[in-house]
Structures are given as C-alpha cells and as structure tokens.
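Trainee: One letter stands for each residue in the lines below.
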Amino acid sequence: MRDKRGVIGDLTDPAPLFAALGDSTRMRIVARLCEAGPLSIVRLTRGAKISRQAITKHLRTLAAAGVVRSDRVGRERIWELQSARLVQARRSLEQISDQWDAALERLRAFVEKHEH
Amino acid sequence: MNTDRIEKRILLRAPHERVWRAISDAEQFGFWFGVTFDKPFAEGARLTATIVPTQVDAEVAKSQQAYAGTRFEFIVERIEPMRHFSFRWHPFAVQPGIEVSKEPTTLVVFELEAVDAGIVLTITESGFDRIPPARRAKAFAANEQGWEKQTQLVEKYLAMGSQR
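Top to bottom, those sequences are chains A and B.
Position 72 of the first sequence, counted from 1, bears residue number 330 in this note's numbering, the numbering being contiguous throughout.
Position 65 of the second sequence, counted from 1, bears residue number 510 in this note's numbering, the numbering being contiguous throughout.
Just so you know, the hints here were simulated from the structure itself, not pulled from any lab data.
Please note that a few of the clues may not be correct.
Computed Cβ-Cβ distance ranges for the label pairs, DEER-style [as the list claims (entries may be wrong)]:
1) B:Lys484 - A:Asp281: 51 to 59 Å
2) B:Glu522 - A:Thr314: 40 to 48 Å
3) B:Glu556 - A:Ala322: 26 to 34 Å
4) B:His529 - A:Ala321: 34 to 42 Å
5) A:Ser282 - B:Glu525: 32 to 40 Å
6) B:Thr493 - A:Ser298: 51 to 59 Å
7) B:Thr448 - A:Met285: 22 to 30 Å
8) B:Glu452 - A:Arg301: 32 to 40 Å
9) A:Arg310 - B:Pro460: 52 to 60 Å
10) A:Asp329 - B:Gly572: 36 to 44 Å
11) A:Ala322 - B:Glu558: 29 to 37 Å
12) A:Ala294 - B:Arg575: 26 to 34 Å
13) B:Gln510 - A:Ser298: 46 to 54 Å
We treat Cβ as the ideally placed atom computed from N, Cα and C, and that holds for glycine.
Excised from the complex, chain A in its bound form (with noise of 0.2 Å):
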C-alpha cells in the first residue's frame, strides 16, 4: 500500500473491480488515500469542493468494490486503501466462496432428491 508506484499500476488495470472508479471524485479520494495513507473523513473532505456526505457516498462505492477499507478507531472513521494484493487476494477468494456455494446446493439437491 506503501509503494505509490505499484498501486497505480494496478488501478490502471482493465479489471472490472476498478470500473467503481471510473469518476474523477473517487479517482480523486484513491490519489489522496493513496499520497497521505489512511484518513478520517473529516481530513479528507478538508479542502474538497464537495460534502462530507458526498464523500462519504463515494467511499462506500469504493468500499464494496473492494478498493478501500474503513476502521473505526474511537469516535472516528479511518478510510485506508487495500493494497492490490489483498484486493487480488479476495476477489479470488470471493470466486471460490462462489464455486463452494454453487457445489453445497448440487450436494443438497443430491442428498435431499429422496427425501420429499
């Protein structure tokens, strides 16, 4: 998350995950987080054009594309952004969660069928 360089690369990647940033705002709150590490909300709406509430919907956009996380340290909020081997690391862990879910049901069908 550190290494500027190696995040940047990865957000110009064609992968579906980063469409959740195909607007300037949120392009905007990933160079900052990206520049300054993790930040309350209150600093990163300092000296942004728009509300706090505005950021705060895009920060959730973000969020459940996987490319920033929130903790809630005392009374606040700290947005950071996942490094590019954990976003890579759930997505592919999502995947197979999937796989999982869609096998469990072919199992259920198979042992419940005689059952009705």
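Got chain A sorted already, so can you dock chain B onto it with the hints?
Mentor: Relative to chain A, chain B alone:
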C-alpha cells in the same frame, strides 16, 4: 480481513448416513461435484480427478466442454467415519498448460454434525495465503466468464427443483 480461509455451513435435510456417503464415497462425491476419480478415497491416497460436464443444462454443459477432461490432483488427508473428511488440492488449478503440482495446496475439511432437523455440514478451505499471488491473479482473469455461466447454471438447477 481473513484472506486465508473460506468457511461454509449448511443444513442438509437428509439422513446422516446418506450425507456421509455423498461426501466420503468417491463416486458419489464426483457425481455432485462434477468430476470422476481414478480410485476410491482412502487416507493418504493421491487421486486424479477429471472434470466432467454437468448434466443439468445442455447449453452450459457445452461451454464447460472447454474444461471437460481437465485433470487435477486430490490428496485425501483424514477420514473419520460419519464426522470428518478432509483433502488437499491446488486451488485455481484448472488452467491448461500451467504446472502447479509443486505449488502449495489448500486443505478442505468437511465436518458433519447431527441436529434435530438433519445434518449441519461445515466446509472450510484454508491455506490461501501461501498460494502465489500471480496464480491468484491469473486464475481470476481466466475464470471470470466461467463464473457467470456457473451462476446461471445454479439458478437453472434451483428453478428445476422448484418445479418438481
């Protein structure tokens, strides 16, 4: 966030013995999982699994022909009758032309617990953090389209079930 482990838990409304056989018998395991094995399960046995297309949907089966016949290694770890079945394999291994047999494996554990309504099955797969990141990235790119198909397949299968 835990990137090393996946855990799944479902309730199967079926007799204990039937669930156990579906998991611990290589032929039955292969039937629902979509593979055939070259020999029976036994502790420590190294089996070769071969992918077979699903019977559920002709169209999806056709697209799965790309993977049909693909083989992977399946190493049985431990068998405790009616309770525990575990094995090791190489995740993301279904990529033609990539040699993975020397790479780390993940451990898959099936655990059965009898409850009033049936059997609670817990599946955990762990050890992902030791898999080379490059493999994960490549597997992701290769499988993305496949996953959409897989999802359609499951939806269709479940829809068929509700009509019965």
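Trainee: All hints, please: hold or fail.
Mentor: Here is how each hint holds up against the structure:
A beta carbon spacing of about 54 Å between B:Lys484 and A:Asp281 agrees with the range 51 to 59 Å that was offered as a hint. Remark: the range hint 40 to 48 Å for B:Glu522 to A:Thr314 is upheld by a beta-carbon distance near 46 Å. For B:Glu556 and A:Ala322, the hinted distance range of 26 to 34 Å is satisfied, since their beta carbons lie about 32 Å from each other. In this structure, B:His529 and A:Ala321 meet the distance hint of 34 to 42 Å, their C-beta atoms being roughly 37 Å apart.
As the Cβ distance of A:Ser282 to B:Glu525 is approximately 57 Å, the hint placing it in 32 to 40 Å is violated. Judged by the Cβ atoms, the range 51 to 59 Å given for B:Thr493 and A:Ser298 holds: they are separated by roughly 54 Å. A C-beta distance of roughly 26 Å is found between B:Thr448 and A:Met285, which places it inside the suggested range of 22 to 30 Å. The beta-carbon spacing between B:Glu452 and A:Arg301, approximately 36 Å, falls within the hinted interval of 32 to 40 Å.
Separation of A:Arg310 from B:Pro460 is about 57 Å and conforms to the stated range, judged on CB atoms against 52 to 60 Å. Checked against the hint of 36 to 44 Å, the C-beta distance between A:Asp329 and B:Gly572 comes to roughly 26 Å, which is inconsistent with it. Between A:Ala322 and B:Glu558 the Cβ separation comes to about 34 Å, which falls inside the hinted range of 29 to 37 Å. Against the hinted window of 26 to 34 Å, the Cβ-Cβ separation of A:Ala294 and B:Arg575 comes to about 32 Å, which satisfies the hint.
Separation of B:Gln510 from A:Ser298 is about 53 Å and conforms to the stated range, judged on CB atoms against 46 to 54 Å.
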